[in-house]
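Chemist: Residue strings, one per chain:
There are 2 protein chains.
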Amino acid sequence: MSQKLKTTSQRARREDVASVAGVSSAAVSYVLNKTKRLSPEVEQRVLDAARLLNYRPDRIAQSLAGSRTHTLAYMTADIANTYQLEVIKGMQTEALKNDYIVYIFDAAGDVKKYVSHLITRRVDGIFVSAAPDFLSDELLCELRDANIKVLADFSRSTFLPDVSYIMSDMYDGFMQAVGFLKELGHTEIGYLSAFDESCYYDLRLPAFKIAMRKLFGAGVPPIEFGGWPYSTSETLGIRLMTKMLSEHPEVTAIVATNDLMALGAIKAAIACGRRVPEDISVIGIDNIDSSAVSKPSLTTLDQSGNRYGAKIFEILHNDIVAGTSGKYIVPMRLIKRESTGTAPQNVENRILLQE
Amino acid sequence: MSQKLKTTSQRARREDVASVAGVSSAAVSYVLNKTKRLSPEVEQRVLDAARLLNYRPDRIAQSLAGSRTHTLAYMTADIANTYQLEVIKGMQTEALKNDYIVYIFDAAGDVKKYVSHLITRRVDGIFVSAAPDFLSDELLCELRDANIKVLADFSRSTFLPDVSYIMSDMYDGFMQAVGFLKELGHTEIGYLSAFDESCYYDLRLPAFKIAMRKLFGAGVPPIEFGGWPYSTSETLGIRLMTKMLSEHPEVTAIVATNDLMALGAIKAAIACGRRVPEDISVIGIDNIDSSAVSKPSLTTLDQSGNRYGAKIFEILHNDIVAGTSGKYIVPMRLIKRESTGTAPQNVENRILLQE
DNA sequence: TTGTAAGCGTTATCAA
DNA sequence: TTGATAACGCTTACAA
Numbered sequence: 019m020s021q022k023l024k025t026t027s028q029r030a031r032r033e034d035v036a037s038v039a040g041v042s043s044a045a046v047s048y049v050l051n052k053t054k055r056l057s058p059e060v061e062q063r064v065l066d067a068a069r070l071l072n073y074r075p076d077r078i079a080q081s082l083a084g085s086r087t088h089t090l091a092y093m094t095a096d097i098a099n100t101y102q103l104e105v106i107k108g109m110q111t112e113a114l115k116n117d118y119i120v121y122i123f124d125a126a127g128d129v130k131k132y133v134s135h136l137i138t139r140r141v142d143g144i145f146v147s148a149a150p151d152f153l154s155d156e157l158l159c160e161l162r163d164a165n166i167k168v169l170a171d172f173s174r175s176t177f178l179p180d181v182s183y184i185m186s187d188m189y190d191g192f193m194q195a196v197g198f199l200k201e202l203g204h205t206e207i208g209y210l211s212a213f214d215e216s217c218y219y220d221l222r223l224p225a226f227k228i229a230m231r232k233l234f235g236a237g238v239p240p241i242e243f244g245g246w247p248y249s250t251s252e253t254l255g256i257r258l259m260t261k262m263l264s265e266h267p268e269v270t271a272i273v274a275t276n277d278l279m280a281l282g283a284i285k286a287a288i289a290c291g292r293r294v295p296e297d298i299s300v301i302g303i304d305n306i307d308s309s310a311v312s313k314p315s316l317t318t319l320d321q322s323g324n325r326y327g328a329k330i331f332e333i334l335h336n337d338i339v340a341g342t343s344g345k346y347i348v349p350m351r352l353i354k355r356e357s358t359g360t361a362p363q364n365v366e367n368r369i370l371l372q373e
Numbered sequence: 019m020s021q022k023l024k025t026t027s028q029r030a031r032r033e034d035v036a037s038v039a040g041v042s043s044a045a046v047s048y049v050l051n052k053t054k055r056l057s058p059e060v061e062q063r064v065l066d067a068a069r070l071l072n073y074r075p076d077r078i079a080q081s082l083a084g085s086r087t088h089t090l091a092y093m094t095a096d097i098a099n100t101y102q103l104e105v106i107k108g109m110q111t112e113a114l115k116n117d118y119i120v121y122i123f124d125a126a127g128d129v130k131k132y133v134s135h136l137i138t139r140r141v142d143g144i145f146v147s148a149a150p151d152f153l154s155d156e157l158l159c160e161l162r163d164a165n166i167k168v169l170a171d172f173s174r175s176t177f178l179p180d181v182s183y184i185m186s187d188m189y190d191g192f193m194q195a196v197g198f199l200k201e202l203g204h205t206e207i208g209y210l211s212a213f214d215e216s217c218y219y220d221l222r223l224p225a226f227k228i229a230m231r232k233l234f235g236a237g238v239p240p241i242e243f244g245g246w247p248y249s250t251s252e253t254l255g256i257r258l259m260t261k262m263l264s265e266h267p268e269v270t271a272i273v274a275t276n277d278l279m280a281l282g283a284i285k286a287a288i289a290c291g292r293r294v295p296e297d298i299s300v301i302g303i304d305n306i307d308s309s310a311v312s313k314p315s316l317t318t319l320d321q322s323g324n325r326y327g328a329k330i331f332e333i334l335h336n337d338i339v340a341g342t343s344g345k346y347i348v349p350m351r352l353i354k355r356e357s358t359g360t361a362p363q364n365v366e367n368r369i370l371l372q373e
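Residue numbers (this note's numbering), protein chains in the order written: chain A, 19 to 373; chain B, 19 to 373.
None of these hints come from the bench; they were simulated from the model.
The reader is advised that the hints may include incorrect statements.
Copies of one chain are not kept apart here, so a pair can be met inside one copy or by any two copies together.
Said to hold, decoys possible - Below, simulated DSSO-like cross-link-like pairs (lysine-lysine); rule was C-alpha separation at most 27 Å, straight line: (1) K107 x K354; (2) K115 x K130; (3) K227 x K131; (4) K130 x K107; (5) K232 x K107; (6) K285 x K354; (7) K200 x K232; (8) K261 x K200; (9) K131 x K107; (10) K345 x K232; (11) K345 x K130; (12) K227 x K354; (13) K54 x K115; (14) K232 x K354; (15) K261 x K285; (16) K52 x K130; (17) K131 x K52; (18) K354 x K200.
Sequences are here, hints too, so could you generate the full structure?
Modeler: Right under this line is the structure:
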């Protein structure tokens, strides 16, 4: 069939497979891509030949001929962030299952050059992680206009047409968390916030306020702020919790912006003579690994990085295939552990004991 | 010239540039790739046309036509490691400068599938990070035989032909460190090792021993071992240093396997009533960020992650272009800071003081 | 010095 | 159901 078989070639080409199977090279494509059904007998011959030659279609050639490269990109301002790394892994794992590959960039480099690379290499889609906007709207549009699907974190400061956005369902999440505390009998619930009110991309604080309003009506819950420069460390949790306990000793439950701070809050509470959860309950957000093994283990709002990353792939993939775009909300889940318990019966008693 | 200009096309193609410049499409290639000199006038016309159309050659097509994809891969067992991330950034930055892009994989996934991807996508080269051997020799050979340049960490358990290896020059580094201590008058020098003698991929311990032998002759220096399971934390540094001070109070200088442990060692020394560097000098390895700002700042053997990463790119790039392979040794540099000083004059006096 | 044309390994269209 | 054949956008001999 084929007049020039590559004898020295390391890798088998489609034509080689066709020749071994005794069919046309088009037939090979049809069988392997399942793009057209041929006779079972022919299909088997092709499959056998492909296996025999260890044939794997060349992605480069496929990309040139087809319209997709099966390549995505993940762009973030901070690769080193633990949670971010989980998200990346989750996305990569899911991508790999579907024969996609993910470029990972951290925005510390020359963002403009990255964009250029993404376009010349024709990636199918890109995810742009949380604010602040290290990738300008202009560059985002350049990507979009180059026919690359863009999925951005919801917390970007602007919304662009034909760009998709993703967010965790913080509002529902906080409803779960605060609702759970309410069920346990808590009414005095405080919040430890890393960010102050002016931080436009923090959705957690407003979500907390809304949940409190909906479940307890009007009234301002006690909140401690970390302020600028923003950080979300365990140390900050300790500092804010200590402040909270002295300023608002009536509080019997605390929600913290993330697990690290919640862990710090527990330490601070214990240092101040409060037992967790007997005297005070603590809830975190993120469900980081250490939250499951801390003493006491931490009740937390789960947005597993891995699952989130997998979701990112699914959304991008779907948008690419269907040519769609939209705003996507990913549900969160409250993981109940040891750091939460029923509200103490007698608040006065507890305060007396402490003195 | 060109009979069918793409009017609707988003991106300019080479032919478009040729047509605007009034030359053949080959001329465009020659000028842009500097692969052949044309007349200055033609060159200018091409350059102008390219700029006008914002022309950027399609990497996919270049890859198919040419022999290189300008794509590399970095494979590691642990993305989350801080030092590793620095290396990755260093490599990526250097790669980007040279119009290369780097795939990043962590070996937690399906390594075999990664390899398949790398082959079908025809990456030019791959770096495989430190032991243990998460990537089997078999897969390594599959990559190599697919004409992909492989650069592996020196600490792999086996050496394969036509594969390149890279290592930091620990031997020279320890000669610098121990030599510096000798200059300062130290003779009793101890070592804090995370690994025990059986760890085949730890080059630091043998490097320390060799340096001691060369500079001080025979005799066994005092060494404390962390043992299995291997870890290199600050906590371990504290533990080993405490042990060292009680078992070998005559020691006036310490080298630790890495900066984290060295930092722990300083804390332990101070806790035991020893001043650093007046009573005891401490040297670390790695030059992590915090080593520069600790109190006292840490003298350390520098193998900057960024520089190392850049080096990885350079080596791979060169091996790819030249078709070579080899074993590469990257120099280290001793950064002298506050944690080292002249040896105490009177050892007896110091020990007495302490009692 | 410049242009022509044959690949590169696929996909996909269109007759046979 | 199958087999040619034209893209895809570029590199690179080779010819003019």
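Chemist: Please name the hints from earlier in the document that this structure breaks, with their numbers sorted from lowest to highest.
Modeler: 3, 5
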